[in-house]
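Could you slot chain B onto chain A? The hints should help.
What follows is each chain in one-letter form.
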Amino acid sequence: MTTDPTRLAEKMAAPTAPKRTALDDSRGYRAFRKVNAVVLLVVVAVTLYPFVNVVAQSFSDEQHILAGRVNLLPRGFNLETYKVVMSDSAFWNSYANTVLYTVTATAISLVLTTTYAYVLSKHHLKGRGLLIGISVFTMFFNGGLIPNYVLISELGMKNTLWAIVLPNAISVFNLLVMKAFFESLPKELEEAAAIDGLNTYGILLRVVLPLSKAVVATMILFYAVANWNSWFSAFLYFDRSDLFPVTVYLRNMISGASTATSVGGAQSDLTQINSNIKAVTMVLTVLPIIAVYPFIQKYFVSGVMLGAVKQ
Amino acid sequence: MSVDTREPATAPAGPPQAPPPKRPAGNRRTWRKAFSRDWQLYSLALVPLLFFLVFRYLPMVGNVIAFRRFVPGGSLFGESWVGLRYVNMFLDDPTFWQVFGNTLALGTLTLLFCFPLPIVLALLLNEVRTRYFKRFVQTVSYLPHFLSIVIVAGMLLQLVSVEGTVNQVVKAFGGSPIAFAQEPDWFRTIYVSSEVWQTVGWGTILYLAALTTIDNQLYEAARIDGAGRWKQTWHITLPGIRPTMITLLILNIGTFMAVGFEKVLLIYNPLTYPTADVISTYLYRVGMVSNNFSYAAAIGLFESVIGLTLILSANAISRRTVGTSLW
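Those protein sequence lines, which keep their order, are chains A and B. The C-terminal residue of the first sequence carries number 311 in the working numbering, and the numbering is unbroken. The C-terminal residue of the second sequence carries number 327 in the working numbering, and the numbering is unbroken.
Treat the hints with caution; some may be incorrect.
[Stated by the list, open to error] Straight-line distance between alpha carbons at most 25 Å, and here's what the computed PhoX-like set of lysine-lysine pairs gives:
no.	chain 1	residue 1	chain 2	residue 2
1	A	LYS213	A	LYS187
2	B	LYS33	A	LYS187
3	B	LYS231	A	LYS34
4	A	LYS213	A	LYS298
5	A	LYS298	B	LYS134
6	A	LYS187	A	LYS126
7	B	LYS171	A	LYS158
8	A	LYS126	B	LYS33
9	B	LYS134	B	LYS231
10	B	LYS134	A	LYS34
Calculated from the structure, these hints are not laboratory results.
For reference, chain A alone in the conformation it holds in the complex (with noise of 0.2 Å):
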């Protein structure tokens, strides 16, 4: 199997299906072809349609929705939502809070990721088999929601960045793409590195991580997607309003709650947020995820694919 990603992805879009002679091309097999791909266009069409129905809701006007007149298109085309929530501090701060998040817990995971698959990779190493037990053991086993509150709680990183950055930082699944794609590399590469006199730090950085360019770049977007879409540590061990990521933000506004409110200025009587403006919300949060989406795509497969082969 070949282990580069980005080959991977290419081998994957190839085309998979063996090749037919004419002899297969029975009247009840073109038959099924032809539904087959309606069957998957209808697939595709039920997958889309939320998205598009949501996009549609954001520029529409509250009435057409509450009445139901709203699918695919907008009904009373407005930008005036848009303004409101990209008006609203709470909105931006949120936003910020969650780059913030992203960012920081991203870079600790890669190299907490990076240096511990980097020791697994090492087959003479004593004791390895144990360390990858230790890790592997967790995928199945966890101590469960109360006593990690607890812990999070007697450290005193509740309202602090380390409640949602540390608890997850390895992520054992990335842990083992990580691993298998250092076991793949030549170790002749290594072993003239450390005739040459580099220790093993100036290997790693110098000598594996620059040929680690793919499996670096597919484990930056792994922890940056799953930091950038968390809610639940921050839902969990903040209680400021200030410190919430925009998931948080946009999850009180689904739920109707109060801190959301202050969207909408002269309207905070409301306790039911408008559907357009939950939906444009909806739209500016899914928003960078969606436009890096078709290029990160293939290195996403690719590193799932990875992971699979060699678990």
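Same frame as chain A, but now just chain B:
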């Protein structure tokens, strides 16, 4: 747990570390020698090990508060032993049994739909000959996987709201609008269908990868023997992806008890508790809302132990019967 078996398939005999004949009797690698030789490697492992110790193993030990009286602000491990008090408490708790049943129901339904559907989709995708169409369908179907669960819940609640799209379809067929999000009878349907929406495309990745490894000659041979499309799929394609299917089945079984905690928490409400409340959301309310930490920890421990037992048994059964296992 044996770890050697997690090696790549190309090295089934275990890691190539010092095969016996090469190792002179008097030169056995001791820990001291290993440390003096590889101390730099071990030093790199220190911080990650500290992470696992503090954030993974300490909470496991912290579960002792399930058997001790915990006072907020007091010791991490509780104040005094109370034995099985909290275990008995949930065994006698009617709400616990209700949420236990809900967990089983949601877990079973999720397994029933979210495990086979990616296989079906992968098989359908595999029959597509137009490369661009195939890639287009894949790209679109992966998309929901990249969304925050908060966004998914938001979209879902909009779609099933009284004025939402689903109700427009209902009205178009002459029905009267239903407040889906408030109806306990609809919760499972909503949960499972959104779960399918979110995971089915992403779930095809590994199957599509497995499909590429099937030898084309098998199909040619089958055609010469007169096998039609269905027979080829049944006798070659499906057996070809069986190891992948089993691996994913074991993993799915392992997450059986942990049914989408975050999603349930986001989309349920007191009206839908009768069907929506699962063990993890109940323990969240007991622990975080009612501050009964020891009781919640006991429930959580029970949940984790069942989860671990499930994955261990699934793995053992699969190894005995079909010879494929995670480790």
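Hint check results:
The straight-line distance between the Cα atoms of A:LYS213 and A:LYS187 is roughly 17 Å, inside the 25 Å bound, and the hint therefore holds. Restraint check for B:LYS33 and A:LYS187: satisfied, since their Cα atoms lie roughly 22 Å apart, inside the 25 Å limit. About 20 Å separates the Cα atoms of B:LYS231 and A:LYS34, which keeps this hinted pair within 25 Å; it holds. With a C-alpha separation of about 15 Å, the suggested pair A:LYS213 and A:LYS298 falls inside the 25 Å cut-off, and the hint holds.
Restraint check for A:LYS298 and B:LYS134: satisfied, since their Cα atoms lie roughly 14 Å apart, inside the 25 Å limit. Between the alpha carbons of A:LYS187 and A:LYS126 the distance comes to roughly 18 Å, so the proposed pair stays at or under 25 Å and holds. For the hint pairing B:LYS171 with A:LYS158, the CA-to-CA distance comes to about 48 Å; that exceeds 25 Å, so the pair is violated. Under the criterion of a C-alpha separation no larger than 25 Å, the hint pairing A:LYS126 with B:LYS33 is consistent with the structure, at around 10 Å.
Distance hint between B:LYS134 and B:LYS231 is fulfilled; the C-alpha atoms sit about 23 Å from each other, no more than 25 Å. The hinted pair formed by B:LYS134 and A:LYS34 meets the criterion: a straight-line CA distance of about 14 Å does not exceed 25 Å.
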